[in-house]
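Read off the chains here:
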Amino acid sequence: MCELLHLNIKTVETVEASMFYENRKQSLKEEATTKECKSNSLLESISFNWMDITQDFFDAVSFLKLGELFHDELFGLFEAMSAIEMMDPKMDAGMLCNRGGKPTLNFEQALSVEGRVKLEGLSLKEQIIIVDRTLSCFVSWLEGHSLAQTIFTNLYMHKPYLIECRPLKTFSICMYKIIDIIRDFVSRGVVFEEEDFQLAMYGYRLNPDVTEQRTVGMLREVETELNEVIHSSSNANNSEVEWAIALNCRIRFVRLFYQLFVALKRDSIQAGSGIGECYNLLTTCIELTSSLLKTTYTAEVNPESEGWSHLGFDTMINQRLLPPTFPRYTKIKNNIDSFHYFESLLARLKQALKITTYSSFHEALHYFIELSRSNPCIISRSVMQILYMPENGKILGTANIIDVLRESARNFICPPVLSVRSLIINKDEAKENVEAFLSHCVRPFTLFIQLCGHNRARQRDKLSHLLEDYAALQDEAERVDVYLHNISVKMDPPRSHLACFGTWILYYILKIMIMYLLSGFELELYSFHEYTYIFWYLHEFLYGWLISALTRAENISLNQDFINENVKYRSGGNKRNKLKKKKSRSNSCEIVICQALQNMCGAYYKAMIGFQLEEKIRKPYYEFDNEKVRYEHRFSAFSVLMTPPIVQYSEFYEMTMRLKETGVDMLYFSASKLYHQARTVLESISTPDQEINTLLKVVKTNFIVLKVLASGHKRGREHSLDFDFSAHHHFPIFKLN
Amino acid sequence: MTDAEDDIHKNEDNKECSEAVNLYEIRKSKLMSWINKYMKIEMTDGRILIGTFVCTDKDANVILSSCSELFNTEKTGISEEPRLLGLVMIPGKHIVSVHLEQTCPVHETTTV
Chain A
826 MCELLHLNIK
836 TVETVEASMF
846 YENRKQSLKE
856 EATTKECKSN
866 SLLESISFNW
876 MDITQDFFDA
886 VSFLKLGELF
896 HDELFGLFEA
906 MSAIEMMDPK
916 MDAGMLCNRG
926 GKPTLNFEQA
936 LSVEGRVKLE
946 GLSLKEQIII
956 VDRTLSCFVS
966 WLEGHSLAQT
976 IFTNLYMHKP
986 YLIECRPLKT
996 FSICMYKIID
1006 IIRDFVSRGV
1016 VFEEEDFQLA
1026 MYGYRLNPDV
1036 TEQRTVGMLR
1046 EVETELNEVI
1056 HSSSNANNSE
1066 VEWAIALNCR
1076 IRFVRLFYQL
1086 FVALKRDSIQ
1096 AGSGIGECYN
1106 LLTTCIELTS
1116 SLLKTTYTAE
1126 VNPESEGWSH
1136 LGFDTMINQR
1146 LLPPTFPRYT
1156 KIKNNIDSFH
1166 YFESLLARLK
1176 QALKITTYSS
1186 FHEALHYFIE
1196 LSRSNPCIIS
1206 RSVMQILYMP
1216 ENGKILGTAN
1226 IIDVLRESAR
1236 NFICPPVLSV
1246 RSLIINKDEA
1256 KENVEAFLSH
1266 CVRPFTLFIQ
1276 LCGHNRARQR
1286 DKLSHLLEDY
1296 AALQDEAERV
1306 DVYLHNISVK
1316 MDPPRSHLAC
1326 FGTWILYYIL
1336 KIMIMYLLSG
1346 FELELYSFHE
1356 YTYIFWYLHE
1366 FLYGWLISAL
1376 TRAENISLNQ
1386 DFINENVKYR
1396 SGGNKRNKLK
1406 KKKSRSNSCE
1416 IVICQALQNM
1426 CGAYYKAMIG
1436 FQLEEKIRKP
1446 YYEFDNEKVR
1456 YEHRFSAFSV
1466 LMTPPIVQYS
1476 EFYEMTMRLK
1486 ETGVDMLYFS
1496 ASKLYHQART
1506 VLESISTPDQ
1516 EINTLLKVVK
1526 TNFIVLKVLA
1536 SGHKRGREHS
1546 LDFDFSAHHH
1556 FPIFKLN
Chain B
9 MTDAEDDIHK
19 NEDNKECSEA
29 VNLYEIRKSK
39 LMSWINKYMK
49 IEMTDGRILI
59 GTFVCTDKDA
69 NVILSSCSEL
79 FNTEKTGISE
89 EPRLLGLVMI
99 PGKHIVSVHL
109 EQTCPVHETT
119 TV
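Chains A and B are the protein sequences, given in the same order.
Its first residue numbered 826, the first sequence is counted upward by one per residue in this note's numbering.
Its first residue numbered 9, the second sequence is counted upward by one per residue in this note's numbering.
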């Protein structure tokens, strides 16, 4: 009740204040027209009858006790905390030091001032500089700053239709369209967080009344005009031609960039026809960035001096649109950096486009995870999401997600019920059960894909929530398995159906658990002495379980192949033989990598115990430390799962105690042996990719370091140890000093 | 205000200690009468803040709610539209003058 009252009072206050505000606005406009009229007198007389209480006030206040807050009961310390402090340079936007001394002029005002904003007669060079600066602002916006502090610091962007100068006008209009289309991508991609992207428009309306074709057409016209300049005046003025070429290049770039996003947005792209066009546009765009880089003139403008404002830029222009507590300054990238950004953005988009070639869910998910490792920008992440799942329940715009998941389960483990010649599925009830289960899979699996689109820091939190979804799914998978098993053992020939769907789900659960633990290294959440149990958990359990899940899947699907072939043999066909073998290979390749990683984690674990025994890494002071509590905190996210069950601290403690007794030499020796094993396994992979090569580098270096340690060199606490994550996000290289 | 002054006169005869206590009470009631009223505070840099007085302390740090920022054009040379700042704390050391709005706004008094 009290709160309600308070709210009411507050709203009344704001209404009053805004009325007052309007009055003031009115009066200040009048003031602007009649400059003689001093604002001071206006302030006194307009709506208030002021009485000076300065002396009284200070007098009264001095009687308060030290630290006593004087307020009425509706206002407390809590409310007081949210006040912004005046005259604090960090909070007070209106402070003289924060306003740069010059008055800010809006578009109309700037027009009236000589030389601020010109509607026509801009030289080519000036146009190039404005275009470049706007593109830099645009890049800064893409990197997560607000529109108001980036693109809309350009006064020309406020009223593009008033500009008489054609290239600049069309450029501005096209920027509107680009901003609009990118906002659309990001908001539909739903993988952005406040730190990634600012959607707010601050009341600027992007013109929807110009069509795509019209925009592109206008840009083309400008290009032709510029081409005429280039060809006609070729003898007259060399630098003029140079500028015309540079401007032409920019206009072309902007047009292609816009067309690229239009092409990406088109529905036809999911059907595959638009992909080629996108690739072409991307390639041309990338080519153009190199010529953009060659023709930057902004180095000649000194932004510190009058430089920007006479070209229509004012960093303070939108300050009033921002909340009072908002970062004051946005550092705009320089031109060279922003063109490089375009270059890398286009390269990332090219990678994102590749997702359209992955029709199998398993491979697509792996591609998502792989790309996410490089922490790509929000634009490429959103584009990738939209390309893969343009609408709910449809993969790549055509395939039904349930079918894709069914195919994925079939490829992974080939459950008897989903096999080509399954007799079980003919039973209505069994079919219903399987379909219900698959439809329940949709949410967790789409969430998993979506998760890969988020930024790395947010992924960790989302992974732990995803585990909850998968935990529920696993219960159901096991139930369905048992149900189908009861039917299939009675069939002819009798088949087991245990742990089919269960293993399929378990595989994803283990992947999530591993991703969750490893992300802690990347985000630098663990302190060095915690590495021991993290690597222990990975080595002893997660990778072990993952390998056994994969092996089980392989065996079941081989078995299924065998039966299928028998059936076929009897019926005389032998066509699908080769196809099946190829499918199961992806699992066996993954098993090999898992074995290598398991060995690596074991090596880290043993090496860590060795380092601890030697006191190479610092442990927390005894009285502040409780390893059990830390341990339980680190693995608490796993407690939602029934299978695999969470491993208790006591197990870790006992195992580590036993290992400690074997002595430092032995630990280093067995760690180096494990690294060696990991190396052999990794080298056995016939077509190593980037990831495997970096792992090999880590493994080789650490092997040598441990070899040195095992032979008794660099021992003791005086040789301190560092963990170098520069080669790999998750697996550090030991550095001895 | 007159009540408070009357009080002071009345209490002149009383003992000194109780006088101090009373004085304290008087100041408090004075402050209380200002709370939730419009206040205009001029700051050392020439800006003027107008808002509802909600809180203060011994160092004269003042909190105004629904506060607007105006510019004293004579002093700062800035003529800009006022900004709405919301809840604002002004440190006592930056306060130049304090004005209180008297009961009714001018547009009523002027019509009278």
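Hints are computed from structural coordinates only; laboratory data are not their basis.
Watch out, some of these pointers could steer you wrong.
Derived pair list, reagent style DSBU-like, types lysine-lysine, alpha-carbon separation capped at 30 Å [said to hold, decoys possible]:
(1) A:K1560 - A:K1485
(2) A:K915 - A:K994
(3) B:K101 - A:K1175
(4) B:K36 - A:K1252
(5) B:K38 - A:K890
(6) A:K984 - A:K994
(7) A:K1485 - A:K1498
(8) A:K915 - B:K36
(9) A:K915 - B:K45
(10) A:K1315 - A:K1336
(11) A:K890 - B:K101
(12) A:K1219 - A:K1158
(13) A:K1532 - B:K45
(14) A:K915 - B:K38
Taking the hints in turn, this is what the structure says about them:
no.	hint	result
1	A:K1560 - A:K1485	holds (22 Å)
2	A:K915 - A:K994	violated (37 Å)
3	B:K101 - A:K1175	violated (59 Å)
4	B:K36 - A:K1252	violated (85 Å)
5	B:K38 - A:K890	holds (16 Å)
6	A:K984 - A:K994	holds (9 Å)
7	A:K1485 - A:K1498	holds (17 Å)
8	A:K915 - B:K36	violated (33 Å)
9	A:K915 - B:K45	holds (28 Å)
10	A:K1315 - A:K1336	violated (34 Å)
11	A:K890 - B:K101	holds (17 Å)
12	A:K1219 - A:K1158	violated (39 Å)
13	A:K1532 - B:K45	violated (78 Å)
14	A:K915 - B:K38	violated (34 Å)
Going through the hint list in order, the structure does not satisfy hints 2, 3, 4, 8, 10, 12, 13 and 14.
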